[in-house]
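*Asks:* One letter stands for each residue in the lines below.
There are 4 protein chains.
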Amino acid sequence: VSGASPIQCAIIGGSGYSGVELLRLLSGRRDVAVRRVFAGGSAGKKVAEISPSLAGRVDLTYETFEPALVDGFDVVFCALPSGEAMSIVPSLLSRVGKVIDLGGDFRLATPALYKEFYRKDHTAPQFLGKTVYGLSEVNTAQIAAARLVANPGCYPTSILLPLIPLLKEGLIGASGIVANSLSGTTGAGKSASVEMSFSEVNENVRAYKVGAHQHLPEITGFLGEATGTSPSLSFVPHLIPCSRGIYSTIHASLAPGVDEGKIAECYTGFYRGARFVRLRSDIPQIRDVAYTNFCDIGYRIEPRTGQLVLISVIDNLVKGAAGQAIQNMNIMFSLPQECGLL
Amino acid sequence: VSGASPIQCAIIGGSGYSGVELLRLLSGRRDVAVRRVFAGGSAGKKVAEISPSLAGRVDLTYETFEPALVDGFDVVFCALPSGEAMSIVPSLLSRVGKVIDLGGDFRLATPALYKEFYRKDHTAPQFLGKTVYGLSEVNTAQIAAARLVANPGCYPTSILLPLIPLLKEGLIGASGIVANSLSGTTGAGKSASVEMSFSEVNENVRAYKVGAHQHLPEITGFLGEATGTSPSLSFVPHLIPCSRGIYSTIHASLAPGVDEGKIAECYTGFYRGARFVRLRSDIPQIRDVAYTNFCDIGYRIEPRTGQLVLISVIDNLVKGAAGQAIQNMNIMFSLPQECGLL
Amino acid sequence: VSGASPIQCAIIGGSGYSGVELLRLLSGRRDVAVRRVFAGGSAGKKVAEISPSLAGRVDLTYETFEPALVDGFDVVFCALPSGEAMSIVPSLLSRVGKVIDLGGDFRLATPALYKEFYRKDHTAPQFLGKTVYGLSEVNTAQIAAARLVANPGCYPTSILLPLIPLLKEGLIGASGIVANSLSGTTGAGKSASVEMSFSEVNENVRAYKVGAHQHLPEITGFLGEATGTSPSLSFVPHLIPCSRGIYSTIHASLAPGVDEGKIAECYTGFYRGARFVRLRSDIPQIRDVAYTNFCDIGYRIEPRTGQLVLISVIDNLVKGAAGQAIQNMNIMFSLPQECGLL
Amino acid sequence: VSGASPIQCAIIGGSGYSGVELLRLLSGRRDVAVRRVFAGGSAGKKVAEISPSLAGRVDLTYETFEPALVDGFDVVFCALPSGEAMSIVPSLLSRVGKVIDLGGDFRLATPALYKEFYRKDHTAPQFLGKTVYGLSEVNTAQIAAARLVANPGCYPTSILLPLIPLLKEGLIGASGIVANSLSGTTGAGKSASVEMSFSEVNENVRAYKVGAHQHLPEITGFLGEATGTSPSLSFVPHLIPCSRGIYSTIHASLAPGVDEGKIAECYTGFYRGARFVRLRSDIPQIRDVAYTNFCDIGYRIEPRTGQLVLISVIDNLVKGAAGQAIQNMNIMFSLPQECGLL
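Protein chains in written order, with this note's numbering: chain A, 1 to 342; chain B, 1 to 342; chain C, 1 to 342; chain D, 1 to 342.
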């Protein structure tokens with residue numbers, strides 16, 4: 001885009017981990033200009049004061065959000081705590097070109113599901129079931145055409161990318177899928193709580209929200225939509241003593257006659273040209289993808305049970321949040337997907 | 001045992017993590033006297049020189065093992081690397097009262113299984129299938145009568161304790177069980193390898209030996225034996241950035257009509273009087289059991305899938321190794337199981 | 001004390017890290033009975049509900065503190081947040097035999113110092129300068145005779161134990177001492193703050209309160225008192241990604257003619273019979289003392305500068321808090337210092 | 001440099017942490033082309049096989065180094081274990097344009113110093129005392145003109161950058177400087193040793209090589225050279241449970257009349273235009289500089305002792321190794337210093 005004027009953008013919720021990651025990733029780009037960044041609690045303070053890592057790279061001051069301040073912007077990223085975007089985004093769409101929401105407000109299909117899993121009423125129900133789900137590699141065309149994209153959650157990204165191709169092509173069964181995911185702590189956001197304190201998280205592991213996590217309907221919803229099946233999924237998230245990363249170990253039953261070669265073939269075909277999905281012959285590790293936008297996928301057929309084990313890893317703040325949001329922005333503005341992400 | 005002379009014991013393999021944990025746990029007891037400790041590579045050195053944490057508590061010098069040195073001892077603990085005990089233990093049994101082997105040499109049922117999973121020939125095959133498996137709470141009577149006990153592995157302990165009661169009483173199905181376990185690094189022993197270095201393990205997770213871990217046949221073997229079933233188990237171990245602890249998340253299918261109340265009832269009955277198994281109404285965490293001999297078990301029925309999720313945690317060096325070995329010694333010498341372990 | 005009735009004790013502030021550590025360490029003793037435990041915010045809840053690690057070991061329920069509830073008790077431990085003990089302890093002394101305060105309220109010499117470093121007025125100034133400072137190995141006789149003991153802070157314990165013998169015997173100079181200390185996070189107590197969250201502490205280090213930490217006057221005050229000098233100390237505390245432990249590296253100038261032999265001789269003489277101080281010829285590590293009441297001390301004379309470098313390590317929750325408090329209780333009740341601590 | 005042909009470069013020692021970091025940082029550049037990468041032990045393997053994080057970014061195969069393979073290259077980076085570069089670099093200089101050595105072989109002034117601290121004889125002593133020391137912000141002009149640059153060590157970088165301006169302008173004294181540094185584990189390289197294993201490093205701290213670390217003469221040597229003084233420095237390095245980062249806390253005596261304002265003024269003047277040195281009014285943390293080429297410097301005058309405390313942080317693999325090497329390459333090729341580093 002040399003010669004062209006840069007994309008004008010703003011970030012609402014720019015002091016949390018996802019917001020700061022957006023600032024970090026966008027700070028090096030010449031084709032995108034972050035014009036404003038909003039964070040109510042930090043309004044009036046320099047970004048570098050709140051996040052000294054950005055000193056010398058980002059010279060912006062946090063402001064209190066007001067819709068008029070983004071009038072005419074090309075794109076706005078929303079990185080707000082759950083439940084806050086739904087009161088802002090609808091009016092935003094009349095003021096700006098495109099909106100990418102990193103939260104969970106627009107990912108589910110119905111108000112009832114939203115209420116069941118988020119424990120509150122949705123105030124913009126007309127968007128539910130109609131917002132484009134921003135799983136970049138799967139929904140590319142829809143994202144390119146969208147004005148509002150619901151950026152996927154970190155757990156869903158790590159679980160959907162390995163499952164969709166296999167389920168769509170019938171290599172695995174839709175029922176009895178088991179997904180155990182391990183998450184780094186930044187997935188929980190900046191948190192002032194005893195249970196997220198170092199003393200409680202270090203040298204510890206805990207599962208939480210067993211069968212009740214808000215990402216469960218997001219996963220089964222889009223998995224069904226993308227594959228034309230009605231999947232049944234058991235999902236257990238765990239908190240582990242890592243700062244970054246999602247590690248998902250997924251068990252599924254194989255269709256008759258499927259071997260590792262057919263698995264590989266399916267992935268290779270499905271993700272042809274998808275630079276951020278890397279098929280692995282060994283077992284992926286979080287460190288392979290930390291601070292990158294890659295999703296690495298490995299697979300093994302257990303010799304005794306014949307079960308398929310899939311393993312997928314992402315960085316929760318990059319491919320699981322800010323990185324995929326930028327990948328979606330690239331798609332929406334007809335840029336190469338990897339701009340600013342390699 | 002006041003008045004009685006203390007139990008005379010020795011430790012073979014006393015410089016590894018399990019051996020040092022045995023020394024730590026036994027150092028405070030007056031009813032047990034550790035007379036000798038063997039570690040080939042450290043022979044001639046004081047225990048406190050190799051493990052400064054034991055300075056002022058253990059005043060022994062490592063020796064090179066020779067059978068005659070333990071003649072007439074009441075009990076010998078073997079905490080050797082895999083494959084070393086099988087050449088020592090048979091002759092040991094003619095010299096000492098009892099032997100507790102913390103390794104994997106005597107846990108499997110057949111030489112063929114041993115060869116498949118440990119990748120070497122067993123040199124004392126006559127012991128396979130006949131050695132008492134030392135899962136303290138389940139095999140108590142057999143342990144009490146045994147001269148040789150094969151102390152369970154850390155993963156098996158954490159998986160068998162929650163599964164056995166439910167499977168034995170038919171509350172869950174024997175097929176399609178999925179166990180994902182997360183292990184602290186001390187489970188791999190003192191290791192001079194790049195892959196176990198801090199730089200590689202920290203901020204990382206990796207699954208390993210998917211469907212091929214040597215604990216798999218140990219688990220399915222004893223699970224079948226203890227419950228009279230032929231279980232099918234998918235087992236994926238993971239290494240996480242923790243020093244101590246095993247966290248097992250287990251998925252199983254419920255028999256019709258089983259609810260959480262029946263699960264609780266089953267456990268309460270089965271583990272009545274078993275002080276080291278704690279049934280939890282919340283979700284267990286590693287920190288609850290670190291540095292203790294407890295196994296904590298939690299359970300949830302997922303509302304959408306109806307699947308049962310069991311969660312169990314132990315300290316891999318205590319209940320998963322040295323602690324359970326001492327618990328077994330207590331049983332073998334008619335002492336209260338909790339002696340020296342609370 | 002077999003045959004004798006156990007010491008009746010209570011713990012005020014029993015749900016924080018120090019309080020729980022007191023419960024853990026005392027739970028195995030037959031000669032001490034914890035009759036009541038107080039924690040305002042958890043009143044009515046079982047200890048095991050707040051701290052599942054104590055399930056099956058401590059069967060008490062938290063209560064709201066009222067002075068009458070401890071009438072006639074032999075000893076009360078106060079493990080309250082800074083500033084709370086001073087309003088409770090004075091009246092407590094008329095009701096119970098002895099009081100051991102684990103906080104900072106009674107450690108400083110004057111109300112002015114207290115106000116300068118704790119930023120509030122002291123409401124029981126008559127105790128300042130008169131309360132026995134509970135550094136077990138140094139103040140043993142005074143502790144034995146005391147009704148109120150101010151248990152030392154974690155940083156001070158780690159810095160005073162190595163400095164006092166050398167300074168008292170004139171082997172090092174009193175000026176230009178530099179102490180850099182690294183602390184695990186439990187030293188900050190159970191904390192619901194972003195800055196103590198795992199995401200902020202992990203893969204990070206930060207110094208804090210440079211030259212202004214409240215432990216500075218505690219260290220210089222008692223160091224002067226115990227050695228008859230007027231020491232000048234530069235003290236920088238750091239927070240590191242560890243749960244437990246204090247690591248103090250101390251630089252001091254040597255008196256002429258002092259070599260490592262004389263250092264060793266001085267320590268050996270001074271700490272003769274002090275079981276919890278271990279002189280090391282190698283460099284101590286936190287792991288050597290974790291979960292123990294030991295303080296390990298190492299020393300090196302730098303060949304180029306001739307400066308003395310002292311290194312001392314403790315577990316901040318044991319020797320730096322609950323363990324030393326129990327050691328002091330043992331002294332106050334004429335028990336061997338190591339009772340319940342080995 | 002659009003239009004110009006890219007700088008042709010090679011990396012010798014491309015499979016260690018510094019080598020991989022060089023590959024990572026250079027992989028995104030269009031103005032630099034890494035043509036060959038050498039690593040004896042991995043010869044024949046793809047870079048992505050050894051370092052899966054580089055899959056899809058670096059498409060090179062490790063080779064065994066032979067001088068002829070780099071004939072005519074513009075620049076070669078040497079990232080070899082200590083002692084290996086000195087036998088390669090001399091002949092390299094006749095074949096390639098420029099050489100940047102990341103190891104310690106060319107940093108000291110004399111063969112005697114080298115032997116004392118590295119415990120072996122130097123085989124290319126003619127280079128000692130004559131090689132340009134690559135502290136980018138201080139030796140900029142010399143680096144620009146050099147054909148061989150000795151890239152500084154991680155500890156020295158973190159200690160020299162804060163000390164040089166103050167000492168050069170006489171704001172602090174040259175004697176009695178105390179530097180305590182904390183290092184992440186990657187500073188020790190890829191290491192297959194028990195002492196660098198996760199089990200030994202986690203929940204632990206240890207000082208090492210007190211007064212004897214090979215970086216000590218590097219620090220005092222260049223500090224003296226750059227400031228015209230004869231500094232006396234007490235230096236204690238510590239290993240902490242972090243993967244990345246150096247945290248240096250430095251105590252120095254202030255010249256009369258110096259206050260914090262003059263410190264700030266001195267730094268601001270000295271580092272004007274130096275984009276990678278950030279002066280901080282608060283206390284720097286490792287996380288502020290992780291994965292960046294920044295060195296952040298904070299300072300406090302202790303009110304009681306009047307001592308100056310300097311705190312400086314870098315990422316040991318970036319500003320402490322690969323990043324500064326690239327910064328030096330930028331200088332040597334007349335590119336903006338920050339190319340590829342922001």
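Simulated from the structure, these hints should not be mistaken for laboratory data.
We treat Cβ as the ideally placed atom computed from N, Cα and C, and that holds for glycine.
Take these hints with a grain of salt, some might be off.
To be verified - Simulated coverage check for chain D against chain C, where a stretch passes if three residues somewhere in it have a Cβ under 8 Å from a Cβ of chain C:
| id | region |
| --- | --- |
| 1 | 86-100 |
| 2 | 151-163 |
| 3 | 238-248 |
| 4 | 272-286 |
| 5 | 332-339 |
*Asks:* Could you run down the list of hints and mark each one as holding or not?
*Replies:* Right, here's what the structure says about each hint:
Against chain C, the region 86-100 of chain D contributes 0 residues with a C-beta closer than 8 Å to a partner C-beta. That does not satisfy the three-residue criterion, and the hint is violated. Closer than 8 Å: that is the beta-carbon criterion, and the region 151-163 of chain D has 0 residues meeting it against chain C, so the requirement of 3 is violated. Coverage of the region 238-248 of chain D by chain C holds [criterion: at least 3 residues with CB-CB distance below 8 Å; count 8]. Judged by the Cβ-Cβ criterion of 8 Å, the region 272-286 of chain D is covered by chain C as claimed, because 4 of its residues qualify and three suffice.
A count of 0 residues in the region 332-339 of chain D with a Cβ less than 8 Å from any Cβ of chain C is obtained; the coverage claim is therefore unmet, three being the minimum.
Hint compliance for this structure: hints 1, 2 and 5 are not met, and every other hint is.
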